[in-house]
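> Keeping the supplied structure of chain B fixed, place chain W upon it in accordance with the hints.
The residues making up each chain are set out below.
2 protein chains.
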Amino acid sequence: VLVDVTAEDTTDLLLAALGHGFDLVLANKKPLAGSAASHARLLETARVGGRRVLYEATVGAGLPILDTYRKLVEAGDRVSRIAGCVSGTLGFVLSALQQGRAFSEAVREAVASGYAEPDPREDLSGRDAGRKGLILARPLGYLGPPPQAQDLVPRPLRRVPMARFMRALPSLDAAWKERMARAAAAGNVLRYVVTATPAWVRAGIVEVPASSPIGALSGTRNLISFTSRRYRDEPLVISGPGAGAEVTAAGILNDLQQLSAS
Amino acid sequence: VLVDVTAEDTTDLLLAALGHGFDLVLANKKPLAGSAASHARLLETARVGGRRVLYEATVGAGLPILDTYRKLVEAGDRVSRIAGCVSGTLGFVLSALQQGRAFSEAVREAVASGYAEPDPREDLSGRDAGRKGLILARPLGYLGPPPQAQDLVPRPLRRVPMARFMRALPSLDAAWKERMARAAAAGNVLRYVVTATPAWVRAGIVEVPASSPIGALSGTRNLISFTSRRYRDEPLVISGPGAGAEVTAAGILNDLQQLSAS
Chain B
1 VLVDVTAEDT
11 TDLLLAALGH
21 GFDLVLANKK
31 PLAGSAASHA
41 RLLETARVGG
51 RRVLYEATVG
61 AGLPILDTYR
71 KLVEAGDRVS
81 RIAGCVSGTL
91 GFVLSALQQG
101 RAFSEAVREA
111 VASGYAEPDP
121 REDLSGRDAG
131 RKGLILARPL
141 GYLGPPPQAQ
151 DLVPRPLRRV
161 PMARFMRALP
171 SLDAAWKERM
181 ARAAAAGNVL
191 RYVVTATPAW
201 VRAGIVEVPA
211 SSPIGALSGT
221 RNLISFTSRR
231 YRDEPLVISG
241 PGAGAEVTAA
251 GILNDLQQLS
261 AS
Chain W
1 VLVDVTAEDT
11 TDLLLAALGH
21 GFDLVLANKK
31 PLAGSAASHA
41 RLLETARVGG
51 RRVLYEATVG
61 AGLPILDTYR
71 KLVEAGDRVS
81 RIAGCVSGTL
91 GFVLSALQQG
101 RAFSEAVREA
111 VASGYAEPDP
121 REDLSGRDAG
131 RKGLILARPL
141 GYLGPPPQAQ
151 DLVPRPLRRV
161 PMARFMRALP
171 SLDAAWKERM
181 ARAAAAGNVL
191 RYVVTATPAW
201 VRAGIVEVPA
211 SSPIGALSGT
221 RNLISFTSRR
231 YRDEPLVISG
241 PGAGAEVTAA
251 GILNDLQQLS
261 AS
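Residue numbers (our numbering), protein chains in the order written: chain B, 1 to 262; chain W, 1 to 262.
These aren't lab readings, by the way, just hints derived from the structure by calculation. Hints are not guaranteed to be accurate.
What the simulated footprint calls covered on chain W by chain B, stretch by stretch (three residues with Cβ under 8 Å from a Cβ of chain B suffice, anywhere in the stretch; the number is not a length) [unchecked claim]:
no., segment
1, 54-66
2, 253-260
A short list of chain B residues far from chain W (calculated; beta carbon distances all over 10 Å) [unchecked claim]:
no., residue
3, Phe22
4, Arg47
5, Ser104
6, Arg108
7, Met162
Where chain B lies over chain W, by a calculated footprint (3+ residues, C-beta under 8 Å) [claimed, not checked]:
no., segment
8, 73-82
9, 240-247
Glycine is no exception: its CB is placed at the ideal position from the N, C-alpha and C atoms.
Chain B on its own, in the form it takes in the complex (with noise of 0.2 Å):
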């Protein structure tokens, strides 16, 4: 088994260990949420070699969330939606906000906390979160491009030195600080929401109220909500902290366990 624990496009160094008869399991999102053509020959390549590929630990860290999904249609059940709050590190970044902390301040702290991705702006961009869209969608049927998620990080930072953008981000908390107060004012917070569907995928800021279940999370805490045929009034949902060195092993072992026991 090859264990993918980078945060890089291996797409070729995966395609080249199934060859050699690897099975993979993988905490990496990239190889998974590349074009709908590199995705299709990862798969296939695996499927024609009699490989597997597990990557329980892409979303939600050690959550059961692709082993839910894979339970769900094993016993018939057709999963029509999945959707909910992904990001550890936009979730502990905008419940700081909410709690009165600055923008620059929360997301240091998520990169000291070892929450975000090594650039922070993986997940400020929305990429890594429309990653892990992209990566429910696909098993409910999209083929779709990957979808364009809502980025936080201002045009002028997106392309500069990390160290710089990081010395740039007290200039972001005003905005923040206003926005936040403005949700607020209506009883709502702010939460950075992706849905998957076969058709289409979104990721992006949505505003809801302080009371729901998405907005009472708080934290790194992941919510994920499978609608089916069978969940169709009242979703299944999972919830619990998505990210996290810890828990993302503990994701990992859980696939090499399956592997190892079929």
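Okay, now just chain W, sitting in the frame of chain B:
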């Protein structure tokens, strides 16, 4: 495989089936929720014969409760507490009361909809919820007797024939209405909560804020939270409809597939 979808104590039959080389899949809680000795005998008979006993559908119907517990443990986590609302019937009845419906009417509808056990007193007595608590506690290492669940059926109605019990239901309406109104005046609602730990099991009515995750439940919706070494500050939570023929059948089917895959 012997699939037990009865609501009887089938322990002797199950022991015989194990002796004949059957694996077991249970939606029936009773054989798993008897005395500690009876439970130990069932599991020991299975172990010695190399047979497996799966029972996902006993708690939360099709929700991945026991599967999630197994995954946590397999990845080296230690679960210290499983708690929540596991009775679709009691959830349905208590949230109907909250909406101003009469207790008698709510119980009748739970029976008519097939949410309740064949005799609704199995649910109202807390026995059914207590069994689920016991089923969740035993894997944690709980070795004690079945819990004394809080019984919502007044003593004089506990042993009368079921038809007479159903006719007597309206006599309970006023007391429930008053109890619910007292809770509502404090911004609270009533929920029947089960808590399982390695040392004890409890099942009874708890008054919780209407805005809490458990207070926000409605209808037959279940909510089960896992507290563990890794999910300590923030539990892993699964919620969704936890009763009904179709989702229960899905839980059974998942167990059958797990047996056939390994």
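> Failing hints, ascending?
Failing hints: none at all.
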